[in-house]
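Letter by letter, the chains look like this.
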Amino acid sequence: MGNNPTQLEKEMGSVQLPANEHYFGLVNFGNTCYCNSVLQALYFCRPFREKVLQYKHQQKNQKKETLLMCLADLFYNIATQKKKVGTLAPKRFITRLRKECELFDNYMQQDAHEFLNYLLNRVAELLQAEKQGGKGKGGENNSQSKPEPTWVSSKDEDFLDLSVDVEQNTSITHCLRGFSCTETLCAEHKMRIKKLPQILALHLKRFKYTEQLKRFTKLSYRVVFPLELRLFNTSDDAYNPDRMYDLVAVVVHIGSSLNRGHYISIKIEASSMEDFFGLSSDIQKNSETGYILFYQSRE
Amino acid sequence: MAATGEGGGKEEVKTNFVTREGTYRLMPLSEYSKPTRVPYNGQTNTPCKVTFVDLEDGSGNSDRICFNVGRELYFYVYKGVKKGTFPTCHDCNEMLISPDSVQLLVGFTAGQVQLIDPIKKELSKLFNEERLIDKTKVTCIKWIPGSPNHFLVSHASGQMYVYNEEMPCGPTPPHYQPFKQGDCFAVYTCKTRSTRNPMYRWVVGSGAINEFAFSPCAKYLAVVSQDGYLRVFSYDRMELISSMKSYFGGLLCVCWSPDSKFIVTGGEDDLVTVWSFHEKRVICRGQGHQSWVSCVAFDPYTTTIENVCDSTGEEEITSKSENKNGSSVYPNGIYPLTNATENHTKKQTPVSSANSSVITCYRFGSIGHDTHLCLWDLTDDIIKLPCGRVRGSVVSTSAAPAYSSNTIPRCSSANAKTNAVANDVSVMDGNAYAMTNSTMNPTTKFATLSLGDRRENSEKKEHKRNFSLAGRSSDKSQTLKANSIRPPDNALKLLGTPACPRLNEAPLLEPLVCKKISVDRLTSLVFKEECLVTACQEGVVYTWARPGAVENL
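Heads up: the sequence lines are chains A and B, in that order.
The UniProt record's numbering puts the first residue of the first sequence at 1, with every later residue one more than the last.
The UniProt record's numbering puts the first residue of the second sequence at 1, with every later residue one more than the last.
Simulated from the structure, these hints should not be mistaken for laboratory data.
Treat the hints with caution; some may be incorrect.
Using C-beta positions, here's what the derived DEER-type ranges look like [to be verified]: (1) B:V18 with A:G255: 41 to 47 Å; (2) B:D183 with A:A129: 48 to 54 Å; (3) A:Q81 with B:D183: 36 to 42 Å.
Note that the structure is a prediction, hence the values are computed from the model and not measured.
Positions of the beta carbon are idealized from the N, C-alpha and C atoms, including for glycine.
Using the sequences plus the hints, can you model the full thing?
Set out below in structure tokens:
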């Protein structure tokens, strides 16, 4: 990209960028947009990023390459760039990912949510293993000071990933009423959230397998989502039922089917929301393609 | 397709629905839609808005319908001012209506404003043509009540401008100087405001202004914004009276009750929220929509009033006459209100009725992105819920002095208003029980509180326990409010206060009816005497005949 300002930089020229924030594009290694878009979104989930960077800090001397290490390195790389904007090639991460998981070991289009799912599970596994191994971590304090992103099934619900069914002309609030949990652990008909997580990732189930066509089709329903969100279906004894969430990032799917199309990630900046990326509320209203929404608790 | 009533499938688009006063039917051949020859461009994002204007030309059909859709505005077929800019909203000047002239303001996506006369067709004035005043979309435009030449325009930039139709806009960007300031809002004047527009610039809140509405008594201005706040100003004094926060997300629409006592908002939390102007608190929320609520409107013709024996004589009630269709449809002495020709609701000047009466049930409607129409009854028993009375009495006693200071000398009914506030409480206290009894039967059947028993009990307990506490804290917030209004990011602190109660702290209404009536998102809702009118984004305007309005259908 050289020294010439990119289109993005030009467009962002008028926008006041927050200090100490870095905006780096991730190079696409052939259909890796599913991965890049999710990584971008996760990077801008501040609590997640901070935990990962903290992990990087704690694991300085670890030689063994894991997916989490690669992720930590990548985030560290972005966070320590001198320039505020630019591009990076997440090569090591992609290589590691392809090595670890057969599903992603090709140049095919992938489902961004499947990747998010895999990444979070893998991270949780790694941390679990490390905790049990318990060698040279600097004692209990350390391992407790990093309540890591985990799954619904775990007690620590810092990061909750919900898959919600979508209906035409509804809001995410409405879709959440009938949500089902990603892991179908719950036998109850209606699941209610007991403890509200710090980060709430909402996966809109836009891909539906149709028997007649014998393939997945995309439900391009119009589902609107607000910039701030509270949940209605919390359980009566929920500890923090009024938690307010702010939309921080959206993974957008562009295209008409699962097998084709492109993913992009949009980072939401409350102040510059209206102009940035042309992401005015109009886009919101045309959010047919919103695929994964990342909400972060305000506190 | 005959709708089969309640059992109908969810996806079915209804053509009629039943309420306690009868059946509402979609009128055949009533689509005042865009000419079908014009292809619908799904790209446009401007909602279709509908208004009516009565030319009073003596003919049998003096109403004109006006609506904007896509690139067009239909009163007569109208072409936009410039390429790439579409009309977003419009308003007719109620002061200057005559059979051969209507002053129609049109706001545009790129910020311009045009004044046209669809009848004379010679008038055409442009404001903000060079976009020097504001470059963002016009979100709402209204003539200032009672003024022949002043109008107010809100923009997506979060600013509102007061224009004088008789003045030019000037070739250079305006220079402003501060005029009045409060927390979360500021008013500026144009340094050369005696010679050019805009006269005033209002900066309100921290997001786009989505809609504003003048109270029927013309003294107050309610503004709803993307930052989730409803802010109510004394318009002439340019003072913030109070504010309310949505449960979450932006507020998209706002409407005053015909007697200026309540404000209903709808927003991105899929809720309608009823706010009491006198008590400065959220009365209740309504849950029924499956997506954002795009328009709310009170139905002044289906509002129930009851005579009060020990009349205060000061109640501010719009004068109503009895329905010609007969009150036989309405049991228990509840009868609908009609807009007789001499009715003043339309002219937005409420009159104190000699025969003192109290509205005991307000009807309002809401439509949303979910293609559903919801009708709601705001009944006496909800307005006067015990918790409300506890808080309300505290608030209103402390607020009474604030009122008198807020009353505007210009306003003739200012004194009456102050009295009304004080009397209000006593009226409520004196008659609450009797009225509850008389309205219980017809109302509870339809508008039910969806609070669980357990919860209701715990709520009551809480309120009893907090009796003195709640009083004190709301007292405090009153004084706080008077000195400085909270900054917008205090939304979290507001939770649990009268400005934004927790979900279980305010009654949750269920809609009287909630029906899917369109395939496209709904954008406009107007109640008229003999019908209600809805419009969708695509530009199709539907008329729903009221029960009994059409005989042989």
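Each hint, compared with the structure:
{"no.": "1", "hint": "B:V18 with A:G255: 41 to 47 Å", "result": "holds, 44 Å"}
{"no.": "2", "hint": "B:D183 with A:A129: 48 to 54 Å", "result": "holds, 53 Å"}
{"no.": "3", "hint": "A:Q81 with B:D183: 36 to 42 Å", "result": "holds, 39 Å"}
Checked against the numbered hints given earlier, the structure satisfies every one of them.
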